[in-house]
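S.K.: Just so you know, the sequences run in chain order F and Z. First residue of the first sequence: 0, per numbering that gives the first Met the number 0; consecutive thereafter. First residue of the second sequence: 0, per numbering that gives the first Met the number 0; consecutive thereafter.
Please keep in mind that the hints were generated in silico from the structure rather than gathered at the bench. Each residue gets a CB set at the ideal place from its N, CA and C atoms; glycine is no exception. Treat the hints with care, since some could be wrong.
Claimed, not checked - Simulated DEER-style distance windows between Cβ atoms: (1) F/Thr164 <-> Z/Thr267: 53 to 59 Å; (2) Z/Ala238 <-> F/Ser148: 27 to 33 Å; (3) F/Ala181 <-> Z/Asp13: 25 to 31 Å; (4) F/Leu249 <-> Z/Leu108: 38 to 44 Å.
In case you want the letters, here they are:
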Amino acid sequence: MSFTSAVEVGPRLRDAGYLADPRIAQVVFLAERLGKPILVEGPAGVGKTELAKSLARVHDRRLIRLQCYEGLDESKALYEWNYKKQLLRIQADADHDWSKLEHDIFSEEFLLTRPLLEAIRSSQPVVLLIDEVDRVEIETEALLLEILSDFQVSIPELGTITAETQPQVVLTSNNTRELSEALKRRCLFLHIGYPEIEREREILLTRVPDISEHLAAQVARVVSSIRNLDLKKAPSVSEAIDWARTLIALGIEHVDGAIVGETLHVLLKYQTDIDKAAKELAVE
Amino acid sequence: MSEVDSGLLPLLTDFIAELRTAGVPASMVEAMDAMAAIRHIDLADRTVFKTALAATLVKNARHYEAFNTAFEVFFAAHREPGAAPSNTIERFQQSGSQPDIADLKRLLLKALTDQNPDLLQLAIRRAIDELAGMEPGRPVGGTYYLYRTLRRLDLEELEQRLWVLSVGAEATALEERLARDDVAARIEALKEEIKAEIRRRLVADRGKPALAKTLRKPLLEDIDLMHATRADLDGLEAAVEPLTRKLAARLAQKRRKPRGGRLDFRRTMRRSLSSGGVPLEPVFRAVRPHKPEIALLCDVSGSMATFARFTLQFTYAMASQFARMRSFVFIDSVDEVTDVFHPGVDFVEALERVSNQAAVVWLDGHSDYGHTFEQFWAGWGRELSPRTTLIVAGDARNNYREPRADVLGEMAATVRALIWLNPEPRSYWDTGDSVIGRYARHCDSVYEVRNLRQLEAFVGQVALPRRGRITQLKAGSVRY
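My request is simple: use the sequences and hints to build the entire structure.
M.R.: If you want it as structure tokens, here you go:
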């Protein structure tokens with residue numbers, strides 16, 4: 000079931016457990032209408048991957064995930080010939096006609112599908128998540144281009160495999176390097192930053208069980224204040240959630256200076272950051 | 000395009016043209032995507048319209064600022080323009096009456112405490128009418144009008160009063176602090192609103208293309224590092240860190256390359272058993288990990304001050320990536336600052352320590368590359384090895400002193416690679432007291448690094464296979 004209007008996207012994502020601000024909802028809607036992949040960029044821990052997962056839940060589609068890393072290649076991303084099986088096939092009847100055999104061993108039976116090909120060949124529409132695409136080398140990006148624009152894969156021995164159903168593609172990037180123009184041109188771009196206080200409060204309310212309105216509002220405000228400081232690593236949404244959970248586990252209903260001081264290490268990962276935040280928030 | 004209002008199409012084309020002039024690389028395909036996107040949206044909603052354009056035309060978060068500026072100029076007129084500015088000014092000039100600032104401040108305070116957007120708009124319009132003193136027809140970008148309005152509104156006092164109103168009597172230190180941030184955010188939003196309103200009036204006065212031209216600023220990646228402002232540097236600092244991570248990955252890439260070592264015959268045979276004795280998958284011995292060793296020599300003299308701050312930022316960010324990196328600063332004498340840039344140290348603090356403690360002045364505090372190299376070679380030369388990459392950052396302006404390129408040559412012969420980063424435009428090289436040409440002879444490569452774009456290019460090229468010592472280190476490929 001696709002979205003019929005942009006206003007519908009927000010509430011439906013919310014039902015799937017994802018709080019989208021109007022901008023995110025708008026881009027998701029447009030991506031679906033235009034049949035384009037979404038390139039989501041932003042700092043770690045703001046819910047980029049979660050967006051793809053929630054989209055899969057909303058549409059009740061299977062999520063196929065390709066985790067990118069340096070050194071990822073065709074045989075891990077697209078497809079690979081199962082040459083051990085091919086070898087066995089050759090050995091099984093050694094005296095066979097070669098031309099027939101050649102035709103035989105390059106058939107789908109001997110093809111190992113990897114995430115990209117799997118997403119294309121699925122008879123049910125899927126959500127394809129290409130996670131942390133900035134980790135692959137710029138040359139490897141070229142592998143993705145054919146899929147992203149035409150939803151097809153060319154295999155020299157078999158020909159071109161076109162998607163039966165168009166997958167909704169979500170790419171995420173932590174922006175460790177500039178992606179190629181060719182890749183970016185094929186996508187809609189969505190930058191997700193840290194949420195506004197109000198939205199973060201709502202995120203906390205949905206993601207942290209047993210949290211009170213009061214505590215959620217307090218946590219959101221403190222975290223937003225800390226993000227304003229000049230830190231090595233600002234606290235992300237997931238760290239805010241961790242912090243709220245910690246507070247609840249400690250049975251705390253109201254945050255004061257002393258408690259912030261004692262639990263800052265959940266939120267911040269560098270000692271210099273912790274010292275600075277403690278000093279700035281006057282909670283030493 | 001039948002569904003799209005015919006008036007919108009030329010406007011959109013002009014807008015995209017302006018984006019391109021400002022440096023945002025919006026391609027033809029992207030422009031068509033934008034056109035396609037706006038057919039699916041409610042054009043009456045300005046935010047939705049902006050989101051659709053941003054998602055299709057801007058593919059880099061650093062370009063949002065240029066996009067926002069252009070958008071404000073091109074698509075602002077849909078809003079009620081308020082009182083015509085020129086009439087108001089005339090009225091003032093004729094009557095000579097003093098604007099009632101106290102009343103205006105009360106209005107603003109009320110609008111901000113009640114968080115009432117309509118009241119706020121009214122207050123902002125009045126503030127600009129009465130305080131900005133806008134003069135029609137002047138080719139300005141509005142910064143001065145903004146400054147004039149803000150100064151007379153005295154926002155600091157307003158912020159203080161808002162803050163007092165929003166904290167209770169028995170608030171704790173933490174609550175006070177949170178309230179302060181909250182109020183500061185509201186004041187910041189107010190400034191943005193005032194700025195936007197001024198721009199709207201300027202558009203009405205001078206037309207879109209003219210104003211867009213006045214407001215156009217270089218993109219972050221094109222800002223000249225030698226002449227960057229403090230605000231620019233803050234923006235640049237955020238962009239530097241990912242770059243160093245990339246450089247670290249590039250320099251250490253050999254570590255992860257699976258092939259390149261010698262054939263491991265025993266393990267290849269072992270693995271061939273699963274394919275009936277045919278060695279389908281040759282196994283290679285792992286290459287001994289190449290640990291990046293870097294020595295960075297950075298000119299921090301007066302002529303280089305802005306660039307030095309940037310290179311030190313770069314150094315600082317690199318220090319957290321490389322375990323074995325040593326950093327040095329110099330003017331006419333060189334000193335090691337590796338400890339200062341120890342990971343975990345705050346950058347501002349580190350910068351202070353460098354300027355207070357490093358012994359970089361020998362005679363008069365003018366750059367002396369010759370003496371620096373002599374001293375560096377004598378003091379730390381023994382610690383350079385064929386695994387070291389030596390990076391020098393400086394303009395090679397030697398104040399007509401002895402360049403001692405021969406010493407640099409000796410260093411170059413010792414290290415794995417010698418790279419020079421020069422922040423001057425290439426056309427200035429070897430003019431006046433610049434001796435970059437004599438040093439370049441000994442460098443593996445010299446890069447012009449005047450802006451972030453060029454720094455990115457440098458980082459990108461470091462990994463490319465090149466002639467010279469680096470390629471010779473590559474192990475030969477194994478045939479089978």
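S.K.: Does each hint fit the structure? Answer for all of them.
M.R.: Each hint tested on the structure:
1. At roughly 43 Å, the beta-carbon separation of F/Thr164 and Z/Thr267 lies outside the given 53 to 59 Å, and the hint is violated.
2. In this structure the hint that Z/Ala238 and F/Ser148 lie 27 to 33 Å apart at CB holds, the actual value being about 29 Å.
3. At about 27 Å, the beta-carbon gap between F/Ala181 and Z/Asp13 stays in the expected band of 25 to 31 Å.
4. At about 40 Å, the beta-carbon gap between F/Leu249 and Z/Leu108 stays in the expected band of 38 to 44 Å.
When the structure is compared with the earlier hints, a violation turns up for hint 1 alone.
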